[in-house]
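Student: One-letter residues, chain by chain:
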Amino acid sequence: MVWSRKFICTRMTASRTTPICSLPARVTRVDHVCREHVIVTAESDQLPPSQPGQFLQLQCRDTLATDPSIHAWGPQTWPRLNLLDQTGPPILLRRPFSIADRADDGTANRFSVISRAIGPGTRWLDRLEAGMELNVTGPLGRGYALPDPDQTALLVGGGVGIPPLLYLARTLHERGHRDVRVLFGVQTHDLLPVRLSDDLPTNGHATPCLRLPGEASFPALVATDDGSAGFAGRVTDALRALHALEGDRWRRPVICTCGPEPMLKAVAAASRAMGSDCQVCLERFMGCGLGTCLSCVVRVHAPDQEKGWRWALSCQEGPVFERDRVLDYDG
Amino acid sequence: MTASDPRLQVRLGRRTLRNPVLTASGTCGYGPEYDHLLDYGQLGGFTTKSVTRHERPGNEPQRVAEVPGGLLNAIGLANVGLERFLAEKVPFIETMPTEVLVNVAGYTIEDYVVVCEAVDRVECLAGIELNVSCPNVSDGLMFGTDPGLLKEVVSAVRAVVTRGTLLVKLSPNVTDIASLARAAVEGGADGLSLINTYVGLSIDVERRRPVLANVTGGLSGPAILPLALYNVHRVYREVCADRGIPILGMGGIQNARDAVAFLLAGASAVAIGTALFVDPTAPVKIAEGIAAYLDQHGFASVSELRGQLQL
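Heads up: the sequence lines are chains A and B, in that order.
Adding 171 to a residue's 1-based position in the first sequence gives its number in my numbering.
Adding 54 to a residue's 1-based position in the second sequence gives its number in my numbering.
Hints in this document: simulated from the structure, not taken from any laboratory.
Think of the CB as a built atom: it goes at the ideal place given N, C-alpha and C, for glycine as much as any other residue.
A portion of the hints provided could be inaccurate.
Unchecked claim - Cβ-to-Cβ under 8 angstroms is the rule here; a few derived chain A residues that face chain B:
(1) 455
(2) 456
(3) 462
Stated by the list, open to error - Which bits of chain A does chain B cover? Going by a derived footprint, with three or more residues having C-beta under 8 angstroms, they are:
(4) 190-199
(5) 463-476
Pulled out of the complex, with its shape left as it was, chain B reads as follows (with noise of 0.2 angstroms):
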């Protein structure tokens, strides 16, 4: 039983992974941090943390806090900025024997533009995870929540990003998803990512305020896990089933057993985010779960399972 077994392989947009598990974006760094620690030979994919066109310090801390069944962060899109990603993380992630994704935050539809059209020239990196959900930063929804905005940067991103896939990752902070999803398809994206965080807020009642410096967070982890599995459910079915868009699902998976429930909604792919805190070696043992569990239901390949939940 391993990660690699040939029934894992899987289509994500334009690519083949190995099997269908990667790491989510913001929980894993630029790939050096988990080197020696996860090997990412038995990786389905990496997704980076979120680069933006210039470098951002990110928030004040507190950024973190523990919540019953979660995590809720706010570190606002700290990162080294387009120029540095290029001249200092990509040369290790070309030694990197996995799919790498990227994944692009802005604030403009330009800020969009010139960073995905740089990372689509790079080679080594398969493609792209589009962030347009935030919940961290002041104007950081703001494309995530509108169908029309989120279409017309989508398809300005599509038109310069010709060769690695495109998927776009929705936030579930919004009344209609499937508007959203229809809206990023329509768009040109190869694949969603479903889902960002939860907004949420956590209040320290000793000091009468807020535990966040930026007030409100993201909520992830298991708490969240049930939310994301229906809001996969919902858009696989009113969305992508009939046009054959993968989803690669996200939100609290910590073993084979929730990673399996996402394909069972409809996920093609999914990601670990939060338990990599734990565990940063929980991607491979959960591929390798979700092998035994082909081989105890009698699947032959991993994407036989794709939104086989029976209603």
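Just chain A, with the same shape it has in the complex (with noise of 0.2 angstroms):
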């Protein structure tokens, strides 16, 4: 197992590519898919080749500066936006977005991200419109290690931590996967930012699907907090479940995981608990994802360091890592 995964390294790494900067692309499709959640499409013919698990840095630009929401209180607070404000100027820093979807289908090269409007950026994202006009650097980072065709792959996202999942998934789609199971977990019903093939189910039992390209689908099971759809409870009870249940007839069982700090902690002692290789994909305040503002810092194994560890910057060796790499997921 360790010198496949080694070898799969290898490969991404020679396969990845000089980001571009400032790259403007259009807007071609935007699809507010659940509350709080849309999906942002769109196209440019220069963006380089990437890999499900690496981001953009999207410049956003300010919508506050003219609305009264501005003074009001409360996180659940969202200001309401006229499309005045789609013009104010550019937020400062970029804001970090995974590719949720990857498509060239000989006449346009597609890309899309998945943002939840949490703040001034996001909230603009939220308020685009086919047609409009984004400004991309990427692709940046280094992303999942894509496991062996023979492989049972189970791809664990929670939250907004689910877009990259979705790109991971038509990829190893298109490179001939068939043993992938989906995992998704959210808040309530109406957070999941993906459509699943049925309509949620009420009763746990019944299983959604993941649409991939073609007639093609990945089975897939939904966790909810609440309660409210799919699986009552965490994501990490849902991946228990399903490894008591189905366990024994995964082959060499590899998790690709992201989400919020609390689960990704978790599902790294999951699938240490189950014997099985985990990559988990970081989340950290990013102010260049070129690697020169330090701030995206990890905690990494180092044995050749004095104190064990290092620094690693998760918009250069991560934002995905290898579970084992990773100072704060040890059991």
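Make the complex out of the two chains shown on their own, each in a separate frame, by following the hints.
Tutor: Structure below.
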């Protein structure tokens, strides 16, 4: 298992491309997929090839300057905007987004990101319309090392960590993977930023599917914290339940995960308990995404260092790390 | 209109730069980070991330916060240290087709002297920017806030920096920046870098905690542009103009208009910092914009702009 992983890592590194800066892209589709979430699809012929797990830095604009709700109080108060705000001044720093999908049909090179409206920049994205321009830097970072086609791949995503796994699912499908299970955890039923092939079951039994190009699909299991759809509970509980049910049929399982920090820690622990490999996609505050602002640091094991660890930049060595490299995820 | 337009050439201390636009320390790594993104052959100069005598891991995260109009950072002088800088970073710098200044930080006069002496021996390095003003380490402001100590450290460093240009980067977190500028010049500085970041604080009111693990951080970005301009204006008139000491101006520059303002206030050249995080090619666009300004306003060379603020 170790040798094959090494081989894959080498192969993935070799295929990493040089990012492009300040690329103008045209928004082709804006899909308000669920409450607070928007799928923004844009096209540009110049965006270099990318890997699942890599991210884009988007320049967002300020929508707040003229909005009276700037004085409203409370974390759930989202200012309502008017179209004039779309031309507001750029927000200083770009915002990082995992690539949620990527497709080239020969006539256009499209990519998607999924944004949840939580701040000035993401609120601007929420109000984009087809035909508008998006300024993009990327693709950046190191993505998931793709498992071998005969391995069982478990894609475990939570909330805003779901998007890179959608891109990963498409990539695995295109590379002929068949044994892929998708587990998505969200707080409640209307915060799931992806449309599955069937409406979410409320009895917890039926299995919806993640649609893929063509007629294909991967079985998907949805967990909601409040039990309003699918499995009632955390996605890690769903993972354990699934493992108990069919784990003996999994072949060299590898878990690819992305989500909030407590979830990643729980998935890392669960993957260790079930003897599975695990790659975690981390979210850290990023200033540049280019390896110079040094803000997105993560403690990784470094036996050659006196203290046994060093800081790694998640925009360069990550955002995807092998579970066992990250100090915070030690058992 | 190119960044290599001969009218853009300027002198900065002992060196001639292709154009007056450099990168600012701590926003461009040691060179490889922006290779393939930024054409170093179009750059006036490059200032490395700080180098200290010994390697420093840097502060705990969170290290950076976005604030209105700017960026608050407390990286904590994270760097590879002198030994690894010479072994691992210099070979790439040797290939960079631009003037490279090394930002040097320290805690004692001996620290500064050891690093500067080693750096001055390296032929491909154009000079040193002495960082006496990092606000994000416990005792980092000491040299930068006391004129007596500052003159002492600059004199000691000047004695070992015999080949390269020696710039001293001053902190704005002082009562009287002109007295520190004077001390640096009397200590033997070839030029001054103005300014480093302003100390600031960002608070997460929900958690009632500071956003940065270091509590305070250095404020950069457009928010500090008028403050930086004022410091350049003042130091140029009170200290540098008569003595012919060049100023490398910086603080929130995002475009050619901002850069020209610094030149008019008295800077000989400018450095671009926070704007690189958004667009690493910004310095080239800014150099081209300055050339366009020369055309529009009938100046024969960029040095004619220096200190031309009409009062």
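Student: Hints first: check each against the structure and report whether it holds.
Tutor: Structure-based check of each hint:
no.: 1; hint: 455; result: holds, 7 angstroms
no.: 2; hint: 456; result: holds, 6 angstroms
no.: 3; hint: 462; result: holds, 5 angstroms
no.: 4; hint: 190-199; result: holds (count 3)
no.: 5; hint: 463-476; result: holds (count 6)
Of the hints listed earlier, there is not a single one the structure fails to meet.
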